[in-house]
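Based on the sequences and whatever the hints tell you, model everything.
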Amino acid sequence: MSLPSRLSPLLLALACGASTAFAIPATKPAQPMVVPFIDDDYARAVAEARARKVPIFVEAWAPW
Amino acid sequence: MRAFVFTDRALERQAGRFVWLSINGEKRENAAVTKRLGLNAYPTFYVLDPGDGSVALRWVGGATTPQLVHILDDGASTVARRGHARDALARADSLYAASSYAEAAKEYEAALAGKPASWPSRRRVTESLLFALSTAGEYERCAQHAAEALAMNGRGAAALTAAANGLDCALSLPPEHARRKEWVDAFEAKSRALVADTTFTVSADDRSGVYITLADAREKAGDDAGRKKVLGEWASFLEGAAARAKTPEQRSVFDPHRLSAYLELEQPERAIPMLEATARDFPDDYNPYQRLATAYKAMKRWPDALAASDSAVARAYGPRKLLILQTRTDIYLGMADSTAARRTLDEAVSLAEGLPEGQRSDRTIASLRKRREGLGASSR
Chain A
1 MSLPSRLSPL
11 LLALACGAST
21 AFAIPATKPA
31 QPMVVPFIDD
41 DYARAVAEAR
51 ARKVPIFVEA
61 WAPW
Chain B
1 MRAFVFTDRA
11 LERQAGRFVW
21 LSINGEKREN
31 AAVTKRLGLN
41 AYPTFYVLDP
51 GDGSVALRWV
61 GGATTPQLVH
71 ILDDGASTVA
81 RRGHARDALA
91 RADSLYAASS
101 YAEAAKEYEA
111 ALAGKPASWP
121 SRRRVTESLL
131 FALSTAGEYE
141 RCAQHAAEAL
151 AMNGRGAAAL
161 TAAANGLDCA
171 LSLPPEHARR
181 KEWVDAFEAK
191 SRALVADTTF
201 TVSADDRSGV
211 YITLADAREK
221 AGDDAGRKKV
231 LGEWASFLEG
241 AAARAKTPEQ
251 RSVFDPHRLS
261 AYLELEQPER
271 AIPMLEATAR
281 DFPDDYNPYQ
291 RLATAYKAMK
301 RWPDALAASD
311 SAVARAYGPR
321 KLLILQTRTD
331 IYLGMADSTA
341 ARRTLDEAVS
351 LAEGLPEGQR
361 SDRTIASLRK
371 RREGLGASSR
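Those protein sequences? They're chains A and B, same order as listed.
So in our numbering, spot 40 of the first sequence is number 40, and the numbers just go up one at a time.
So in our numbering, spot 282 of the second sequence is number 282, and the numbers just go up one at a time.
If you're looking for bench data, these hints aren't it; they were derived computationally from the structure.
Heads up, some of the hints might be wrong.
To be verified - For each label pair, taking beta carbons as the anchor points, the in silico distance ranges come out as: (1) B/LYS181 - A/ASP41: 48 to 58 Å; (2) B/GLY154 - A/ASP41: 37 to 47 Å; (3) A/ASP40 - B/ALA88: 34 to 44 Å; (4) A/ASP41 - B/THR201: 25 to 35 Å; (5) B/SER350 - A/ASP41: 21 to 31 Å; (6) B/LYS228 - A/ASP40: 41 to 51 Å; (7) B/THR199 - A/ASP41: 19 to 29 Å.
In this text the structure is predicted, and so the values were computed from the model without any measurement.
Where a beta carbon is used, it is the ideal one built from N, C-alpha and C, also for glycine.
Here it is in structure tokens:
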């Protein structure tokens with residue numbers, strides 16, 4: 001069977017293009033996010049976190 | 001997650017506790033960050049210490065809103081305890097964040113020891129422990145811990161994930177292992193009973209994954225009829241979840257698992273209407289076109305597959321384009337056009353070699369080169 005198992009295949013996601021996770025549409029959801037995400041700007045997030053003295057939450061995702 | 005969790009009003013009270021950063025790992029400009037974070041799966045969530053940017057907690061895979069709140073609480077707590085004497089849980093999370101799974105598992109075991117069944121972090125820590133043990137190839141300990149977790153709590157979402165993770169690990173044990181059959185039978189029965197139980201909340205992602213494991217268990221038992229039955233139930237579950245979606249975004253998140261279910265059932269034609277709908281709803285997205293190409297390929301409708309692949313290639317970027325080009329190669333081979341297949345693989349090798357560090361994979365490059373060599377030299 002070509003289906004991945006549930007645990008280890010996640011780790012192979014970048015290498016072989018397989019993933020057990022659900023896809024995310026490439027377009028932003030129509031419903032608004034309830035937390036204020038900074039998109040693709042690590043330096044800005046670090047600067048803000050240091051200024052506010054709060055941790056950074058990172059969502060690493062792919063549009064597939 | 002984006003369609004269901006990060007739009008959940010229950011998260012509003014968390015907004016001020018963190019700086020929230022979203023990283024699309026497929027974008028070239030994010031390659032340095034993904035390398036720094038050690039990203040190797042989607043989705044992955046991190047809580048970073050603002051002082052030095054180090055990873056305090058890492059979570060691989062999806063989560064429900066309550067699960068995410070636990071992750072946030074534990075991550076914030078770990079950051080707050082930095083600089084003080086660190087307990088086993090903080091050490092475990094740091095080791096796990098660094099992908100040191102065997103060492104992390106020992107610390108998670110120490111963190112769990114003596115904690116009451118009602119410990120708020122129990123589910124998160126147990127799932128991390130089972131993942132760490134499975135990834136480290138420690139299948140016996142994984143199954144043992146899953147059995148202990150079920151003995152402590154045999155109901156609800158925590159039991160479902162423990163049973164399914166335990167089943168995964170038990171299936172990976174060698175056939176001669178003394179407890180393999182006992183564990184497989186028990187975990188499979190428990191997974192089957194809980195996967196169809198809708199009286200508790202579990203992420204659709206997790207529930208779908210349980211069906212995958214159950215189908216795997218039937219296949220390893222040599223029970224093709226049983227496997228097909230599970231796959232049919234999986235497809236029905238996904239179709240029900242998609243039908244209940246409130247937005248096109250929510251509906252389309254089920255597309256990849258639905259396509260996998262239909263392919264496994266050898267009914268790829270069932271995927272076409274949903275993928276055409278997603279392509280209409282998200283015209284800039286390469287995913288529905290790539291999935292259409294895959295479905296048409298399985299149906300041996302080569303011109304339709306190639307047309308869908310054209311649309312996917314035109315919209316694709318980043319490492320995912322490699323998979324799209326490999327599907328395209330398959331389509332050309334199906335059309336007996338080996339010249340175009342070789343050209344497509346040459347393009348894929350070139351693209352793979354040109355990806356930035358953090359996205360480039362030596363293993364992928366070697367695999368593509370091997371496949372290209374297998375097709376022989378270009379004819380002039």
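Taking the hints in turn, this is what the structure says about them:
1. Against the hinted window of 48 to 58 Å, the Cβ-Cβ separation of B/LYS181 and A/ASP41 comes to about 53 Å, which satisfies the hint.
2. Checking the proposed 37 to 47 Å range against B/GLY154 and A/ASP41 shows it holds: the Cβ atoms sit about 45 Å from each other.
3. At roughly 35 Å, the beta-carbon separation of A/ASP40 and B/ALA88 lies within the given 34 to 44 Å, and the hint holds.
4. Our hint of 25 to 35 Å for A/ASP41 and B/THR201 holds, since their Cβ atoms are close to 33 Å apart.
5. Between B/SER350 and A/ASP41 the beta carbon distance is about 30 Å. The supplied range of 21 to 31 Å therefore holds.
6. In this structure the hint that B/LYS228 and A/ASP40 lie 41 to 51 Å apart at CB holds, the actual value being about 43 Å.
7. Taking the beta carbon of each, B/THR199 and A/ASP41 are about 42 Å apart, not inside 19 to 29 Å as hinted.
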